[in-house]
Structures are given as structure tokens and as C-alpha cells.
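Here's the letter readout for the chains.
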Amino acid sequence: MTVTTFPGESDTLEHRSKVGWAIQDALAVAHRNLIGLSRVPTTLVFSTIQPVIFVLMFRYVFGGSIEIPGYRYVDYLMAGIFVQTVTFGSINTGIGLAEDLSKGLIERFRSLAMARSAVLAGRTIADAVRNLIVIVLMITVGFLVGFRVHTNVLGLLGAVALMLLFGFAMSWVMALIGLSTGNAEAAQAASFPLMAVLVFASNAFVQTRTMPGPLRAYAEHQPVTAAVDGVRALLNGGPTAGKVFTSLAWSLAIVAVFAPLAVRRYRRAS
Amino acid sequence: MSDAAIQVQDLGKRFGDIVAVDGVNLEVPAGTVLGLLGPNGAGKTTIVRILTTILRSDSGTATVGGHDVARNPDAVRTIIGLAGQYAAVDGNLTGRENLRMVGRLTHQRKAVIGPRADELLDRFGLADAADRPVRTYSGGMRRRLDLAAALVHKPPILFLDEPTTGLDPRGRNDLWTVIGELVADGMTLLLTTQYLEEAERLANRVMVIDGGKVIAEGTPEELKHRLGSTIIEVRLADAAAAERARGRLESVGTAEVLDDGRTVALTVGDAGRAVLEVVRTLDAAGLTPEWLTVREPTLDDVFLQLTGHKAEDAPAADEGAEPARAGRGRKRGAA
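Protein sequence lines correspond, in order, to chains B and L. All residue numbers for the first sequence refer to my numbering, where the first residue is 1 and numbers rise by one. All residue numbers for the second sequence refer to my numbering, where the first residue is 271 and numbers rise by one.
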């Protein structure tokens, strides 16, 4: 019998620190997901159809009868639309992971000596890039229906960064849902109620002051409202720092809680 | 002991009430091929998933390449390749992109990834399709790419979980050729299969698994020998004739009447001699068969022989922790 050795590593291996590998692996997976996105660009189109319909509906159907003191309604609305767009966009993270799971890709990844966080981090990073593209499209749509930035370019960039961070945070929530359900349809169905409770019971489209007591109390203290407040302040001016801080705190807290939960779920996923 | 590439002792795994793996011992010497043969739900996939660090066992120990799969999973991952039941490749990526991705994720140096991907595409007959999205590939091409992806980092130990299930005969043959070459190059291979023919073609040793337990073990020849190597089936005009034929043919081999009531199946050792004897015996008894076939034993025959029950499909605990599916597996085990 031939004597075979089982080297832990061979000379074809790259050497890097643990954190270095976690980043490199996440980028490799993100790259893979972005190639997928570029091969199926129709998913981007479908991602924009729904928010565009909301823009048209609220701008032209309901908007005329909604009075928001201190705002043109289209300016008030677009901040909500942007946050709604990234929040709904995060569903794609759950769907994508559920598909990877059902097609056996996750199984393969788990048999490789890659960072345990990479499949999830790569997916959420790729979805952040996807969100950026959709936001740019939505800003363009906003300009076409009369939306204007009342601060400056920095305000706009800050607002985009805040939306992306919030979308990234929500992606981790959806990652947990996607891995737990294990198939794309179920992931979508499971995330919709959560989305509705977050996006519609918020100040995205209307002010919370007309809502009944308990609903209002919830609507004023939930992450979508915080994100919309931050984005709205960055785009329209007025007191900004506190609102941006609250939104940042929400987003970071969501990542801090849901990223470890999702990675733990990934380790056991089957 | 130490030159065993894979060593498993008293391995156990349950999903809820279902015992998927029940005290399995096995050893695969380096450079050899072990086939795990069994029907769906026998526990084959669960064993593979434990050995490839995807699943944790409840009891027992397993080492791969000398590394304990539970205590040192990352060391195991660097020296194994896994190709599973479904081709785990990304349909949106091209074949080349899939292999490069795995190259990056197995931490190969940039300079070796490109040439390695090209070499594998070439070797597995995928060079022409290398830059097409994988969703345009045939089932056989996807499986070959899946196998190639398992080999990017040149692992010395390979796990193949039902590599040809669902493939047409041609796809199956192509894949067998490729796997045969890997084995000739000294790869240690653990293979699960539902096909006796596949185990015979590829494996040095075969373990027959049923209900999470090893129920028989040996070289493919030994197993077939225990069965008698060939099965002759004779269809008669009616049940009475079949019964009469069965009685006469008992002198040639183990004979039984099949479910249709008029086909006699005969398990024999020496096919050529047996066919002559069957014909003479039937002729002497004045029985004319409608047809007579000579065939190799299948997994069903092995099972019938070893367990007394058929290797029916039972998509069970093998698939994982889903109670609904596992529940059906349990019924089968009790039947």
C-alpha cells in the first residue's frame, strides 16, 4: 500500500490571519452573488416596480389629501419610500439564502474550511450593493415626480449611507428567517407580516400623531420610524444629529443581535 | 490503525425518535474505496454528513485523515472534498466561475486557481461549456462540475454521496470513468450508492446499510458470492405452471415465485451452467417458458437475501431533521 500523508496545508495555500480570511471569504461570496445579480438583471427591475408604484400612488392618489406641516408632501414621502425600499429589499437576503440551502450550496460551503460567517456576510454585502443600485434608481424617480434635496450633497450621501446601513441590518434579520424556513416561498411569506408591521405602522407615509394611542406609541419607537426620521432630516434639514444617532443605534443593535443568531443558525442549517 | 484515512467507531445519530445511524464502525485504508450500499433512508447520507463536518454525531468517534471530525473540523475540511446528491453548483455562474469561487473559498493562491480550474474543466469534458452559465448544463454536466468543484483544492480524501442518482446511463458511465481515474490516482474515496452495479464498479469494499446499521460487509465479489452471482427469471403461462417449475428448479438454485404469480426467480452461482440446467429441467417437465432472462443481482436482491425485506424507497432520516419525512422512515423500519 502506498503511504499517503494528509497535510493540513499545502504549498498552494494562501496565508492570512483569521479576520483576514473572514473578510476575503465574505468578499468571494459577495462577488459570486453579484455575478448572479448581473446575470439576472430582471430581479433589479422587479425590485424597483413596487416602490415606483408606491411613489405614484402616494404622490398622486393619496398625496393631495395628506397635509404634513413644514413639508411638501413629495419630500416627506420620498424619505419613507427610500427606507421602505431597502427594508423590502432585505427580503432578498432571506430568499437567496433559502435557495442556497435548498439547492445544497450551503452544504458545500459548510464542508469547506472557509469562515463560518462568510456565506451570510457575503450575501448581506451583495444585497447592500443591490440596495445601492435600487436607491439610485429611486432617487431618480423621486426627482422626476418633484422631490428635491433641501440640504446639500453631504446630506444626500449621509442619507444614502443611513438607508444602506439600515437595509444591511434588516438583511441579517431576513438571513435568520431565510435559513430557518429553508425554502424561498416560505421565506417570502414569513417575512411579509414583519415587513408590514415595520413599514406601514411607521411615519414612512403619514405622521404618527393621527394614530390611536398604543399604535402611535409603537410607531414612534420602532426602527423604521427611526431610520425614516434620520433620512428625512438629512434630506430636508432641521434638527439632525439626534435622529441620525437613534437610527445608527437601531441599525447597529439589530446587527449585533441578529448577525450572531443567523451565523448560529447557519452552522446548524440542514 | 494509523494509515486508515477514515476511521469510525460506534457512530450514532438520532433525529428526535428516529435512529438514523446506529453504532456504525468502519475503516477506510488510505488509497482505497469503500462503498456504502443501501436504500434511501438507510443512514448513508447521515454518515457522510457527519464525516464531512456538516452534522455532529450524538455518540461515537470519527477521524478523517487523523483529525477528529468533532474536535478539529477545520483541519478535516482542508483535506476532504464532498460532492453531494444534488449538484451543489451555482446556476447563475459559469462553470469556470464556480470552480474559481471554490478555489478562493478553499484559500488557494491566486496564481494556482486559474490553471487548476482550466485543468479540471478539461479533464471533466467541460472545457467547451466553461463560460456558459451552469443553468444551461445538462444533469450529467452539472454532476461533473460538482465533482470538479470538490477537487479544486486537491483533497486526498473524497466523499461522494450518490454521485449518479438521477443520471441517465450515459451520464452515469461518464461519471464512473472520471471517478475511476481519480481512484487510480490514489484517491481515498467513500461512496454511497443505491446501485450494486456502481459499488461493484468503483469500490474495493462494500458495506450494506439498513436502518442505520451495517448488515453486511465485504468485497463486491464476496457479497455477490453470498447471493449467488446471477439471477435467472423464467416467466410461465400461469401460476400452476410457475409453481411446478419452481419445485423442479430448486435443484438448480434458490427458486421463488415473484409477485406476479407466474415468474420464477432463480438465484444461481454459475450462470452458464445454470441456464443449460434450467432449459433441460423445464424441457424434461414439459414446461415452455414465455421468456427467460439472465440478470445481475440488484440492491433489491441483496436486500431480500440479507434482510428478508425489499429495499423499498423510504426517504427518511437520511435527509436531516425533518420530522415529517423522518416519520415515514420509521414506519419502514418497523415493517
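These are calculated hints, taken from the structure and not from any lab test. Small disclaimer: the values here were computed from a predicted structure and weren't measured. Quick reminder that beta carbons are idealized off the backbone N, C-alpha and C, glycines included. Take the hints with a grain of salt, since some may be wrong.
Have a look at the derived ranges for each label pair, beta carbon to beta carbon [said to hold, decoys possible]:
#1 12(B) / 474(L): 27 to 33 Å
#2 53(B) / 331(L): 38 to 44 Å
#3 565(L) / 20(B): 53 to 59 Å
#4 408(L) / 207(B): 54 to 60 Å
#5 42(B) / 344(L): 34 to 40 Å
#6 49(B) / 338(L): 28 to 34 Å
#7 15(B) / 395(L): 32 to 38 Å
#8 395(L) / 20(B): 32 to 38 Å
#9 424(L) / 39(B): 34 to 40 Å
#10 338(L) / 39(B): 39 to 45 Å
#11 338(L) / 194(B): 38 to 44 Å
#12 49(B) / 279(L): 34 to 40 Å
#13 257(B) / 443(L): 23 to 29 Å
#14 15(B) / 293(L): 26 to 32 Å
Mimicking EDC-like on lysine to aspartate or glutamate, the simulated pairs with C-alpha atoms at most 20 Å apart in a straight line are [as the list claims (entries may be wrong)]:
#15 483(L) / 287(L)
#16 18(B) / 344(L)
#17 243(B) / 220(B)
#18 380(L) / 14(B)
The hints, checked one at a time:
1. 12(B) / 474(L): 27 to 33 Å: Given a distance of about 29 Å, which is inside 27 to 33 Å, the answer is holds.
2. 53(B) / 331(L): 38 to 44 Å: violated, 59 Å
3. 565(L) / 20(B): 53 to 59 Å: holds, 58 Å
4. 408(L) / 207(B): 54 to 60 Å: 58 Å Cβ-Cβ, so the 54 to 60 Å window holds.
5. 42(B) / 344(L): 34 to 40 Å: At 39 Å between Cβs, range holds.
6. 49(B) / 338(L): 28 to 34 Å: Because 52 Å falls outside the window, the suggested range is violated.
7. 15(B) / 395(L): 32 to 38 Å: Holds, at about 34 Å.
8. 395(L) / 20(B): 32 to 38 Å: holds, 37 Å
9. 424(L) / 39(B): 34 to 40 Å: For residue 424(L) and residue 39(B) the Cβ distance comes to about 29 Å; the hint is violated.
10. 338(L) / 39(B): 39 to 45 Å: holds, 41 Å
11. 338(L) / 194(B): 38 to 44 Å: With a Cβ separation near 41 Å, residue 338(L) and residue 194(B) satisfy 38 to 44 Å, so the hint holds.
12. 49(B) / 279(L): 34 to 40 Å: violated, 58 Å
13. 257(B) / 443(L): 23 to 29 Å: Violated, since residue 257(B) and residue 443(L) (Cβ atoms, about 52 Å apart) do not stay within the stated range.
14. 15(B) / 293(L): 26 to 32 Å: Because 41 Å falls outside the window, the suggested range is violated.
15. 483(L) / 287(L): Since the Cα atoms of residue 483(L) and residue 287(L) sit roughly 16 Å apart, the hinted pair holds (cutoff 20 Å).
16. 18(B) / 344(L): holds, 12 Å
17. 243(B) / 220(B): At roughly 12 Å apart (the allowed maximum being 20 Å), residue 220(B) and residue 243(B) satisfy the hint.
18. 380(L) / 14(B): holds, 8 Å
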